[in-house]
Amino acid sequence: MEHESLAGRIFRGVALTLILVFFMFPIAWILLMSFQTNEQILRIPPRLLFEPTLANYEALISGQLHTAAGNLEITFMRNLWNSLVLSSGAVALALLLGVPAAYAFARFKFRLGETIAFTLLSFRFAPPLLVLLPLSLYYQELGLNDTYFGIVWVYQLIALPLILWIVRGYFEDISPDIEHAYRLAGHSWREAFTRIAVPLAGPGIAAAGLLSFIFCWNNFVFALILASADKQPVTVGALAFVTASGIQYGQIAAAIVLSVTPTLLLALYAQRYLVEGLSLGAVKG
Amino acid sequence: MAMLELRGIDKVYRSHGRPPVHAVRSLDMEVEKGEIVALLGSSGCGKTSTLRMIAGFESVTSGSIAVRGRRIDALPPARRKVAMAFEGYSLYPPLTVRENIAFALKSRQVSRSEVSRRVEAIARLVEIEDILENYPRVISGGQQQRVSLARALVRDADLYLLDEPMGQLEPQLRAVLRGRIKSLLAEREMTAIFVTHDQTEASALADRIAVMEDGVLQQFASEKELKERPANLFVASFIGEPPMNLLETEVKRADGGFRLSVGPEVAFYISGDGLDQTAQRALAAAPRVRVGIRPQRIAVGEGAVRVRIVSNQWLGDQSHVAGECAGHLLIAVVPNRVAARPGDVVPFALGPRHLNIFGADGVCIRHAEVS
Numbered sequence: 035m036e037h038e039s040l041a042g043r044i045f046r047g048v049a050l051t052l053i054l055v056f057f058m059f060p061i062a063w064i065l066l067m068s069f070q071t072n073e074q075i076l077r078i079p080p081r082l083l084f085e086p087t088l089a090n091y092e093a094l095i096s097g098q099l100h101t102a103a104g105n106l107e108i109t110f111m112r113n114l115w116n117s118l119v120l121s122s123g124a125v126a127l128a129l130l131l132g133v134p135a136a137y138a139f140a141r142f143k144f145r146l147g148e149t150i151a152f153t154l155l156s157f158r159f160a161p162p163l164l165v166l167l168p169l170s171l172y173y174q175e176l177g178l179n180d181t182y183f184g185i186v187w188v189y190q191l192i193a194l195p196l197i198l199w200i201v202r203g204y205f206e207d208i209s210p211d212i213e214h215a216y217r218l219a220g221h222s223w224r225e226a227f228t229r230i231a232v233p234l235a236g237p238g239i240a241a242a243g244l245l246s247f248i249f250c251w252n253n254f255v256f257a258l259i260l261a262s263a264d265k266q267p268v269t270v271g272a273l274a275f276v277t278a279s280g281i282q283y284g285q286i287a288a289a290i291v292l293s294v295t296p297t298l299l300l301a302l303y304a305q306r307y308l309v310e311g312l313s314l315g316a317v318k319g
Numbered sequence: 599m600a601m602l603e604l605r606g607i608d609k610v611y612r613s614h615g616r617p618p619v620h621a622v623r624s625l626d627m628e629v630e631k632g633e634i635v636a637l638l639g640s641s642g643c644g645k646t647s648t649l650r651m652i653a654g655f656e657s658v659t660s661g662s663i664a665v666r667g668r669r670i671d672a673l674p675p676a677r678r679k680v681a682m683a684f685e686g687y688s689l690y691p692p693l694t695v696r697e698n699i700a701f702a703l704k705s706r707q708v709s710r711s712e713v714s715r716r717v718e719a720i721a722r723l724v725e726i727e728d729i730l731e732n733y734p735r736v737i738s739g740g741q742q743q744r745v746s747l748a749r750a751l752v753r754d755a756d757l758y759l760l761d762e763p764m765g766q767l768e769p770q771l772r773a774v775l776r777g778r779i780k781s782l783l784a785e786r787e788m789t790a791i792f793v794t795h796d797q798t799e800a801s802a803l804a805d806r807i808a809v810m811e812d813g814v815l816q817q818f819a820s821e822k823e824l825k826e827r828p829a830n831l832f833v834a835s836f837i838g839e840p841p842m843n844l845l846e847t848e849v850k851r852a853d854g855g856f857r858l859s860v861g862p863e864v865a866f867y868i869s870g871d872g873l874d875q876t877a878q879r880a881l882a883a884a885p886r887v888r889v890g891i892r893p894q895r896i897a898v899g900e901g902a903v904r905v906r907i908v909s910n911q912w913l914g915d916q917s918h919v920a921g922e923c924a925g926h927l928l929i930a931v932v933p934n935r936v937a938a939r940p941g942d943v944v945p946f947a948l949g950p951r952h953l954n955i956f957g958a959d960g961v962c963i964r965h966a967e968v969s
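Chains as they are written, first to last, in my numbering: chain G, 35 to 319; chain D, 599 to 969.
Since the hints were derived computationally from the structure, they do not count as laboratory data. Bear in mind that the values here come from a model prediction, so they are computed numbers and not experimental data. Watch out, some of these pointers could steer you wrong.
A few chain D residues that face chain G, going by a derived Cβ cut-off under 8 Å, partial list only [unchecked claim]:
1. 611
2. 653
3. 655
4. 659
5. 684
6. 688
7. 692
Among the chain D residues that face chain G by a calculated CB cut under 10 Å, a handful are [as the list claims (entries may be wrong)]:
8. 613
9. 654
10. 668
11. 672
12. 689
13. 691
14. 701
15. 703
16. 715
17. 719
18. 722
19. 750
20. 759
Glycine included, each C-beta is placed from N, C-alpha and C at the ideal position.
Please model the complete structure; the sequences and the hints are all you need to start from.
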């Protein structure tokens with residue numbers, strides 16, 4: 035790296051900038067759009083300089099959308115709340131079930147162990163639509179249709195495999211003898227799990243939790259089929275902006291900004307854990 | 599009552615799709631209170647499996663383990679009252695060295711000042727006082743090993759299990775620590791079992807050595823006895839540096855005794871008087887036996903066996919003289935310099951009374967006389 039030529043450095047800078055612009059531009063554009071009215075957005079050519087308005091955010095937060103065709107009720111804040119409840123509920127349940135399961139898969143060799151672990155992973159690569167139709171029929175029978183619990187349950191298809199496989203790797207990296215030493219000192223197996231294994235795998239658990247939170251948050255199709263209006267998350271709720279009088283680009287942009295914010299904040303907060311998690315493997319004795 | 603009693607221990611590892619591995623076979627062993635025992639053997643001989651079964655991390659496939667007469671093989675590790683130092687150190691990364699050592703004491707009813715007094719005493723013993731406040735990841739492998747050792751020794755346990763306790767230490771420090779640990783164990787009458795593949799370590803630290811090979815306990819005896827009365831060919835060739843010389847011989851009855859001939863020129867006469875009934879019968883039945891003689895028991899420059907010298911090394915305190923005799927390589931260790939060059943023919947003396955005789959199954963028929 036030190037002997038890199040000037041041309042190489044310039045090329046690298048240009049390439050990095052291009053990539054950054056390519057990926058960041060849509061986000062920046064959405065942010066700008068969220069402060070414009072529909073008319074300003076649809077103006078051709080688009081302008082970078084405009085008079086910002088908070089009307090979009092106002093409409094979202096107050097729940098009143100004024101369109102040419104009249105006033106429209108929107109439930110965006112409700113959707114945002116649903117997203118939060120559903121995603122955190124799903125991640126909490128998946129952690130509760132997945133972390134002990136990951137530990138079991140990492141530490142104990144049992145009959146069909148690998149098969150079970152792989153089956154759980156296979157949920158990730160089966161198309162969701164495959165299970166949705168039979169699932170919605172079952173849900174109607176069981177009365178789980180349109181309940182928070184029902185959706186949290188089906189979200190396990192997303193969150194559980196992810197947590198299981200990521201956390202399992204972290205547990206496998208911890209020498210079992212550390213737990214053995216703890217158990218010999220007069221502690222039970224359960225204490226060794228909660229006081230030694232879980233804290234040591236903490237960064238990995240945080241990373242897996244964050245990832246599965248993002249995946250749950252971004253899920254669309256499960257909630258679309260299984261939830262009615264008052265249980266829908268933002269991803270489904272955004273459909274409401276396609277109205278009879280046209281597509282409300284400004285509100286869509288504002289809604290996107292608002293719905294990205296929680297995950298972004300969470301990611302920023304969890305960043306240090308993620309970095310710790312990634313470097314755990316490098317310092318193990 | 600023995601402190602530790604292993605009865606008919608078998609350990610079979612079964613894994614899916616692979617043939618089962620019989621790691622330990624019908625192992626019987628008794629360790630007395632205050633005894634230091636070494637499990638010695640090459641890697642894969644079952645010594646670590648044995649240690650882990652005593653600690654409770656591996657289940658026994660069959661057999662029983664008792665400590666002070668109390669069966670422990672079904673108890674969880676926490677209730678076995680054993681302390682262990684692991685080969686991989688296994689320190690808790692989030693705790694300092696001091697906390698790591700104190701950890702095991704905290705859950706017991708031990709006062710704060712007593713904990714720190716004991717931690718410091720053991721830290722002094724293994725020379726880690728200056729790194730007590732460091733975290734495990736910033737100290738060297740040798741230091742981690744000493745912390746792990748200290749963490750085991752600081753506890754009050756019925757049994758101390760040490761897995762390769764000094765493998766990572768520098769030779770000088772190792773020698774010092776061996777002495778200190780041995781006197782600590784002796785002073786407190788602690789019963790310890792340690793695993794090693796290093797003979798020097800086994801003989802320096804242990805009262806008795808259990809030699810294991812292929813999952814089978816070959817012999818469990820003091821170092822002196824292992825050297826002088828090896829139970830079988832394996833122990834004879836495994837213990838001692840350089841290893842025992844082994845010669846293939848043909849057995850013939852002669853003059854009320856036996857004539858063991860290596861070749862047309864070399865033969866030993868074993869008189870019948872020096873053999874007990876079983877040995878006599880075994881020798882009479884065997885067409886061929888192997889004889890073994892310790893390199894230290896061979897005299898160079900005298901005797902009837904003519905040896906063509908292959909190498910002659912003066913090690914500063916002893917000579918290792920290797921020569922060829924009737925198709926066998928013989929090594930002699932003598933305390934003085936020997937004036938012989940490779941290619942010279944030099945007489946070696948192999949006294950019949952120094953010969954160990956092993957039957958076809960490897961079991962020792964007759965031991966060398968101890969002079």
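Right, here's what the structure says about each hint:
1. 611: Given a least distance of 10 Å, the restraint on residue 611(D) is violated.
2. 653: Holds: closest Cβ of chain G sits about 6 Å from residue 653(D), inside 8 Å.
3. 655: holds, 5 Å
4. 659: violated, 15 Å
5. 684: holds, 4 Å
6. 688: holds, 4 Å
7. 692: Constraint on residue 692(D) satisfied, holds at 7 Å.
8. 613: Given a least distance of 7 Å, the restraint on residue 613(D) holds.
9. 654: holds, 8 Å
10. 668: Violated - the Cβ of residue 668(D) stays beyond 10 Å from chain G, reaching only about 16 Å at its closest.
11. 672: violated, 14 Å
12. 689: holds, 7 Å
13. 691: Holds, about 7 Å.
14. 701: holds, 6 Å
15. 703: holds, 9 Å
16. 715: violated, 19 Å
17. 719: Constraint on residue 719(D) not satisfied, violated at 19 Å.
18. 722: With a minimum Cβ separation of about 22 Å from chain G (threshold 10 Å), the hint on residue 722(D) is violated.
19. 750: This hint holds: residue 750(D) lies near chain G, its Cβ roughly 8 Å from the closest one there, short of 10 Å.
20. 759: holds, 9 Å
The structure fails hints 1, 4, 10, 11, 16, 17, 18 (numbered hints given earlier, in ascending order).
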